[in-house]
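Protein chains in written order, with UniProt numbering: chain D, 1 to 162; chain X, 1 to 162; chain C, 1 to 162; chain R, 1 to 162.
There could be a bad hint or two in this list.
As the list claims (entries may be wrong) - Here are a few chain R residues that face chain C, going by a calculated C-beta distance under 7 Å:
{"hint": "1", "residue": "Tyr17"}
{"hint": "2", "residue": "Arg111"}
{"hint": "3", "residue": "Asn156"}
{"hint": "4", "residue": "Ala160"}
Simulated from the structure, these hints should not be mistaken for lab results.
Positions of the beta carbon are idealized from the N, C-alpha and C atoms, including for glycine.
Number of protein chains: 4
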Amino acid sequence: MQELLIVTTGGTIDKVYFDDKSDFQVGAPQIGRILEELGVAFRFSVIPILRKDSLHLTDDDRELIRATIAAQPARHVLITHGTDSMVDTARALASIGDRTIVLTGALNPARFRGSDAEFNIGTAVGAVQSLPPGVYIAMNGRIWDPAAVRKNVVANRFEAVG
Amino acid sequence: MQELLIVTTGGTIDKVYFDDKSDFQVGAPQIGRILEELGVAFRFSVIPILRKDSLHLTDDDRELIRATIAAQPARHVLITHGTDSMVDTARALASIGDRTIVLTGALNPARFRGSDAEFNIGTAVGAVQSLPPGVYIAMNGRIWDPAAVRKNVVANRFEAVG
Amino acid sequence: MQELLIVTTGGTIDKVYFDDKSDFQVGAPQIGRILEELGVAFRFSVIPILRKDSLHLTDDDRELIRATIAAQPARHVLITHGTDSMVDTARALASIGDRTIVLTGALNPARFRGSDAEFNIGTAVGAVQSLPPGVYIAMNGRIWDPAAVRKNVVANRFEAVG
Amino acid sequence: MQELLIVTTGGTIDKVYFDDKSDFQVGAPQIGRILEELGVAFRFSVIPILRKDSLHLTDDDRELIRATIAAQPARHVLITHGTDSMVDTARALASIGDRTIVLTGALNPARFRGSDAEFNIGTAVGAVQSLPPGVYIAMNGRIWDPAAVRKNVVANRFEAVG
């Protein structure tokens, strides 16, 4: 892996709490800070292309994500993304080709104690440098084929389809 | 201090995040779990009387808090409370008398890394056993007279009035 | 409280882990960083006078702590200290007079998840501005008279004597 | 991945602090608790075979690790291990064959705030289900060939050899 391209789109992983608004909002991307503090031994660059709850992502947003990745030379790509429509975005990226792309996110904000964010980022980082070209989802400790996974909203976890 | 009575009313300190609703809500009170895990050397009981954002507290709610405390024999009382109307509740309790009552809360949920919740609870615990009867607010590391403090919403901190 | 004088002496609260030495050692004082990150609403200054496991503190060290405090005009003093000989140091400071001095520390390093450090610092901060002149210990959520407390090493907690 | 076999051997990842001894020691394995709290979507079993600082691992210990894995049917194996001799153990396992084995650990104990433990476990979990049979090391966000990596003790990180 020469260099890891990281594209951030928002989602729960980046949610922070604003007491003066009594509200959570999608804040600045957390992944760059996390990887720097951990002292990873690979180069990476972060493109913060969107900052949205994934329920609000449009087809235009997905085209923007696709075009952003296609415009970069990187062969290894990690996308942080809200969990609700992560599968949809993964499927929309299938046509890029010739890159290993792994999408991940978190069911609890990275700023929370006990968040799954660092673990999920680790899973994605381990997978992106180990897998052949294609698009994958890394959630709940599993590497999923986007064609065969869904988020179970009630159970709040990813599970195999069919 | 024979025993500490803890009355919980909700507020940011108890907010948790629900990914399936893409929303935070006031969850179960955190203070009992925190004090147990810390292994404090005093007895305490927790009465979870309300679970509200403090912007939504009514005069009836404040009367309920007052009556709950008045019905207990405890001389030392700690109240966890949302920050937005903490001062109002403190003033409404002035008439109880003969008890040392300290209100505290948090500007960031206890479940967040770097939350001020544990520190604020500590400040309140240190104050409640050291002060004469009266009503006090413990926030931002200070013990405030409710008649001379306000929350600066923009700066997101408590400050002296006048 | 015009300003809080903080004197740090080392102890478990400041222990950090060095993987290259496979060892814990007393590191830089944590309390200043902690209070800054929490955004406390009082002024404080930190004098890092010693960096020792408290089992290794000598009478000369205690005299140094006493002289350091006596040389400052501050009326409110917080000392972070190892737990094993905290009571001894507290008793050695009894002669200073005219100041409210609270000693605290931690049973688990501040850098550990679930450490009692922030809570204990909070307890000490709440007490130091609420109590009359004298020397006190803030541990396990209690404000102790140094003449009537000891560390129970086996149970790893502070308890009343006699 | 039908099921992940996890073999724990001790090391910094499992170090805990004992205040009554003013010392750290290798404690109970952390990885099982971590994976349970994270709610991973795969089955795993943990064999806690050793509890040692890796500087003290002997050839007999390495043979025990090898035999333990060889006796199990699992095709996917994760080993938690001290960092100082992780490379030596990885090389000693080369002869097992027909399994994907990933060793990981931590430069800071899992119980520390900011520890690399969860991220490293994530990296190992992502790699173990993505790679062909062989023995690998997951540290500092990279998947390393044991024949081409070393721990730089002074810099406290893993780096490529040659």
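For each hint, the structure was consulted:
Contact between Tyr17 of chain R and chain C, as hinted, is supported at the beta carbon level, the nearest pair being about 6 Å apart and thus within 7 Å. Using the Cβ-Cβ criterion of 7 Å, the hint placing Arg111 of chain R at the interface with chain C is satisfied: the shortest such distance is roughly 5 Å. The interface hint given for Asn156 of chain R holds, since its Cβ lies 5 Å from the closest Cβ of chain C, which is under the 7 Å cut-off. Taken as an interface hint, Ala160 of chain R does not check out: its beta carbon lies about 19 Å from the nearest beta carbon of chain C, beyond 7 Å.
In terms of the numbered hints stated before, the structure departs from hint 4 and from no other.
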